[in-house]
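Construct the entire structure; sequences and hints are all you get.
2 protein chains.
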Amino acid sequence: MGTEISTLGEFGLIKRLTENIEIKNPETKYSTGDDCAVLKYADDKEILVTTDMLMEGVHFDLTYMPMKHLGYKSAMVNLSDIYAMGGMPKQITVSIALSKRFSIEDMEDFYDGLRLACDIHGVDIVGGDTTSSRTGLAISITAIGEAEKGKAIYRNGAKETDLICVSGDLGAAYMGLQLLEREKDVYYKMISTAKTDTERLAISQPDFSGREYLLERQMKPEARRDIILKLRELGIQPTSMIDISDGLSSELIHICTQSHCGCRIYEERIPIDYQTAVMCEEMNMNLTTAAMNGGEDYELLFTVPITDHEKIEQMEGIKLIGHITKKELGCALISRDGGEFELKAQGWNPLKEDSKEQ
Amino acid sequence: MGTEISTLGEFGLIKRLTENIEIKNPETKYSTGDDCAVLKYADDKEILVTTDMLMEGVHFDLTYMPMKHLGYKSAMVNLSDIYAMGGMPKQITVSIALSKRFSIEDMEDFYDGLRLACDIHGVDIVGGDTTSSRTGLAISITAIGEAEKGKAIYRNGAKETDLICVSGDLGAAYMGLQLLEREKDVYYKMISTAKTDTERLAISQPDFSGREYLLERQMKPEARRDIILKLRELGIQPTSMIDISDGLSSELIHICTQSHCGCRIYEERIPIDYQTAVMCEEMNMNLTTAAMNGGEDYELLFTVPITDHEKIEQMEGIKLIGHITKKELGCALISRDGGEFELKAQGWNPLKEDSKEQ
Chain A
1117 MGTEISTLGE
1127 FGLIKRLTEN
1137 IEIKNPETKY
1147 STGDDCAVLK
1157 YADDKEILVT
1167 TDMLMEGVHF
1177 DLTYMPMKHL
1187 GYKSAMVNLS
1197 DIYAMGGMPK
1207 QITVSIALSK
1217 RFSIEDMEDF
1227 YDGLRLACDI
1237 HGVDIVGGDT
1247 TSSRTGLAIS
1257 ITAIGEAEKG
1267 KAIYRNGAKE
1277 TDLICVSGDL
1287 GAAYMGLQLL
1297 EREKDVYYKM
1307 ISTAKTDTER
1317 LAISQPDFSG
1327 REYLLERQMK
1337 PEARRDIILK
1347 LRELGIQPTS
1357 MIDISDGLSS
1367 ELIHICTQSH
1377 CGCRIYEERI
1387 PIDYQTAVMC
1397 EEMNMNLTTA
1407 AMNGGEDYEL
1417 LFTVPITDHE
1427 KIEQMEGIKL
1437 IGHITKKELG
1447 CALISRDGGE
1457 FELKAQGWNP
1467 LKEDSKEQ
Chain B
1117 MGTEISTLGE
1127 FGLIKRLTEN
1137 IEIKNPETKY
1147 STGDDCAVLK
1157 YADDKEILVT
1167 TDMLMEGVHF
1177 DLTYMPMKHL
1187 GYKSAMVNLS
1197 DIYAMGGMPK
1207 QITVSIALSK
1217 RFSIEDMEDF
1227 YDGLRLACDI
1237 HGVDIVGGDT
1247 TSSRTGLAIS
1257 ITAIGEAEKG
1267 KAIYRNGAKE
1277 TDLICVSGDL
1287 GAAYMGLQLL
1297 EREKDVYYKM
1307 ISTAKTDTER
1317 LAISQPDFSG
1327 REYLLERQMK
1337 PEARRDIILK
1347 LRELGIQPTS
1357 MIDISDGLSS
1367 ELIHICTQSH
1377 CGCRIYEERI
1387 PIDYQTAVMC
1397 EEMNMNLTTA
1407 AMNGGEDYEL
1417 LFTVPITDHE
1427 KIEQMEGIKL
1437 IGHITKKELG
1447 CALISRDGGE
1457 FELKAQGWNP
1467 LKEDSKEQ
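As they're listed, the protein sequences go chains A and B.
Residue numbers for the first sequence follow this note's numbering, beginning at 1117 and rising by one.
Residue numbers for the second sequence follow this note's numbering, beginning at 1117 and rising by one.
In case anyone wonders, no lab produced these hints; they're calculated from the structure.
Think of the CB as a built atom: it goes at the ideal place given N, C-alpha and C, for glycine as much as any other residue.
Hints may contain errors.
Claimed, not checked - Under the rule of at most 30 Å between Cα atoms (straight-line distance), these lysine-lysine pairs were calculated in the DSS-like manner:
(1) A/Lys1442 with A/Lys1267
(2) A/Lys1267 with B/Lys1140
(3) B/Lys1265 with A/Lys1267
As the list claims (entries may be wrong) - Here are the computed distance ranges between Cβ atoms for each label pair:
(4) A/Glu1120 with B/Ser1122: 32 to 40 Å
(5) B/Thr1179 with A/Ser1451: 48 to 56 Å
(6) B/Gln1321 with A/Gly1446: 29 to 37 Å
(7) B/Thr1179 with A/Lys1443: 25 to 33 Å
(8) B/Thr1179 with A/Asp1301: 32 to 40 Å
(9) B/Ile1319 with A/Glu1315: 28 to 36 Å
(10) B/Asp1301 with A/Gly1125: 26 to 34 Å
(11) B/Asn1136 with A/Phe1457: 34 to 42 Å
(12) A/Arg1217 with B/Tyr1382: 38 to 46 Å
(13) B/Glu1315 with A/Gly1125: 27 to 35 Å
(14) B/Glu1398 with A/Gly1125: 47 to 55 Å
(15) A/Asp1235 with B/Leu1345: 40 to 48 Å
(16) A/Glu1264 with B/Ser1122: 40 to 48 Å
Claimed, not checked - Residues from chain B that keep clear of chain A, each with C-beta distances beyond 10 Å, as calculated:
(17) Val1154
(18) Gln1353
(19) Asn1400
(20) Lys1435
(21) Leu1445
Here it is in C-alpha cells:
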C-alpha cells in the first residue's frame, strides 16, 4: 500500500516532491515556494502557454498505466503543444488532486516520470498545487515556453499548394490502447472465473513481445523537439502546424478551417508502423481508420510552401502526405483505388461518448 | 436539467464559451484557438505564474454554491496570488473536467462568473481545456501576470523590526462557510422527515438577513488589487507579502520560516467584522481561532520597514497587527491579557482531514 500521505501533510508532500528540483533555465528566476513563480524571457521572444487536464477513468487507466509513465506522459502531452507552435518549452506547473488511496510512493513515482520528461526537454518545474480529490486522480499541467518573436507557427497560415507533412508514424498509440484494453478484459475474465487460489496464481501476465512499440507509443509518447530543431537547422518555417492528439483527420480539419482552405491527402502515403498494421489485422480493425482517427500520436502535422519540397525530402522521419487546396474543394482522403472520402473529425471526444457518471 | 453538453460536443462547447471574449491587454498576442496562447511582456517586467485546483466535494459544495459564484471565486483565488507578489494579473487559462450531470447552461453560468472577475481585474482568458470527468467537477486555473523587474514581493524578505500589516478583516469567509453548512444540514433534516409533498413544499429557504457579509466573503471573495495600487501610489515597497488563503497563522509562519525570523502579533489588533463576531458567539466558536485559522480570506498579509509606519497609518483598510522579531523568539500571538501563544499552522489541510474516498 505504501506510506499514507497524511503522514507528511500537504506542505510536507510538496516539499518532498520538489526539494531536489534543479533549475535549468535562466528564464526561471524563482521556482516553487512562493505565491507565484517568477520568469523573465528575453525581449526577442514571445511566450507560449498551454494547459491540459488528465482525469482518471477518462484519460488514463491505472490498471495498466504505472504512475511513473503517467507523470512522463502528462508532461509530454503539454510539451508537445509548445513544439506544435514551433517553440521551446521552458517551464511547467503541475497540479494534482488525489484521493486517499494514493501513497507518498505513488506520488514520488509520478514525479520521477515528470522529472525525467522535464530533464530530457530542458524544462523547469516551477510550481503547482497538490490537493485532495473525493475520487480518483486529476492532473492539470500548464507548460510555458518561448518562440522567436514573430516566428510562432499557428494553425491558420496554410496556403493553397502548400505541402502537408507529418512526422513519425500514426495509429500505434491507439492500437497500443486497444491491446492493453483487450488484455485487461482477458485478465479480469480469468480472475473472475478462477475458483481456487492455485488457479488464480496460475493466471499469467499477458505476453506483449513483438508489440513493445505499440505499448511504448501509448504509455511513453515523445514530444517532437527533434523535428523543431531540424526544421530550424534547415531554415524551414512551416506555414501552419499542430500536434496530433485527437487524430490526423481532426487536426487536418483544424488547420483547414482556421486557414480557410481545403486539402487532399493520400491513403498510401500515411506513415504506419509494421506493428500497427499487424495489430489491426489481428483485431480485425481498419488500419486507415486507426491511423486517421486513433489519436494520441503526439506527432507534428505541418504545412510548408511547395518551394521547400527538396528540403523536406531531406528530412528523415518526415512524410509528405498531401497538399493544401482551395477551400471549395473541402478536405478529403484519396484512397488507394482513387476514391475520394471527406474527412470527418471522428477524433476522440470524451464529452460525447460513454464516460459514465458514478 | 438544462441542455446536455453532448449536443455541442467538446469543440462546440469551447467555442460557445469563448466566442465573446474580448482581449483587453496588449500583452496578449493570441488567445484561444491554437495549441498555445502567445504572450509578449515588456522588457522591464517579470512574469508571474500561479495555479490552483478546485475539486468538487473538497473545495466547493454545489448544494449552496451557484455556478456563477464558483466561476468568480475560481478566478479570484488565482488573481489573489498574483497580487500577493505585488503584481498585476493579465491572463488566465481555465481547465474544467465535468461529468454528465452538468449542462451547457451550467457552464455558461460558470463562465459568466469567470468573465465578470476577469473584467473587473482587466484579465484575458487565453486558453484552457474542457474535458469530462467520471464524477463531479474539477477546475484548474493558471494565472499569469507581471511585476516591475526586481520589484516582485516574495515571502522571504521580512526583517527584524518590520511592521506586520493585514488588509480588510479576517474570519468572515470561514464563518460564512459554517453558516452555509449549518443551514444545509437543517434543510436536509427537514426534507428527510417531511412526510407529504405539502410538508416538503412548506420548508422555507434559510433566512440569511443580517449575515450577507459572511456569505459574500465565502461565495464572492475579492482579490485586493486596490491595495497593490495604493501601496504603489504611496511608494511603499513591502519587504514580504502573501495572501491569506489558509489562515493568518499559517501564512505568518510561511513568511517567518522563509525570512528566517520570528514575529509577535496582538490579538486585540486582529481586524474582525461585527457579523463575524456575532456568528461566532451564536455558534459558540472561538473568535480569535476563526480569524487566525479560518482561511479563504484572500486578504493581503505583508511586512514593511518601520520607517513606513506613518505611510501605512494613512492607508484605509490596513491594520498593523504586530512586528517581526529575531528567529529565536519564535512566532507568537499576544492575547488580550498579555499571554503568549505559539502560532500553529492549523490551516486547512485537505490531505490530512476527512476527505472521504468513494
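How the hints compare with the structure:
no.: 1; hint: A/Lys1442 with A/Lys1267; in the structure: holds, 25 Å
no.: 2; hint: A/Lys1267 with B/Lys1140; in the structure: holds, 23 Å
no.: 3; hint: B/Lys1265 with A/Lys1267; in the structure: holds, 25 Å
no.: 4; hint: A/Glu1120 with B/Ser1122: 32 to 40 Å; in the structure: holds, 39 Å
no.: 5; hint: B/Thr1179 with A/Ser1451: 48 to 56 Å; in the structure: holds, 55 Å
no.: 6; hint: B/Gln1321 with A/Gly1446: 29 to 37 Å; in the structure: violated, 55 Å
no.: 7; hint: B/Thr1179 with A/Lys1443: 25 to 33 Å; in the structure: violated, 50 Å
no.: 8; hint: B/Thr1179 with A/Asp1301: 32 to 40 Å; in the structure: holds, 38 Å
no.: 9; hint: B/Ile1319 with A/Glu1315: 28 to 36 Å; in the structure: violated, 56 Å
no.: 10; hint: B/Asp1301 with A/Gly1125: 26 to 34 Å; in the structure: holds, 28 Å
no.: 11; hint: B/Asn1136 with A/Phe1457: 34 to 42 Å; in the structure: holds, 36 Å
no.: 12; hint: A/Arg1217 with B/Tyr1382: 38 to 46 Å; in the structure: holds, 44 Å
no.: 13; hint: B/Glu1315 with A/Gly1125: 27 to 35 Å; in the structure: violated, 45 Å
no.: 14; hint: B/Glu1398 with A/Gly1125: 47 to 55 Å; in the structure: violated, 32 Å
no.: 15; hint: A/Asp1235 with B/Leu1345: 40 to 48 Å; in the structure: holds, 41 Å
no.: 16; hint: A/Glu1264 with B/Ser1122: 40 to 48 Å; in the structure: holds, 41 Å
no.: 17; hint: Val1154; in the structure: violated, 5 Å
no.: 18; hint: Gln1353; in the structure: holds, 16 Å
no.: 19; hint: Asn1400; in the structure: holds, 28 Å
no.: 20; hint: Lys1435; in the structure: holds, 21 Å
no.: 21; hint: Leu1445; in the structure: holds, 22 Å
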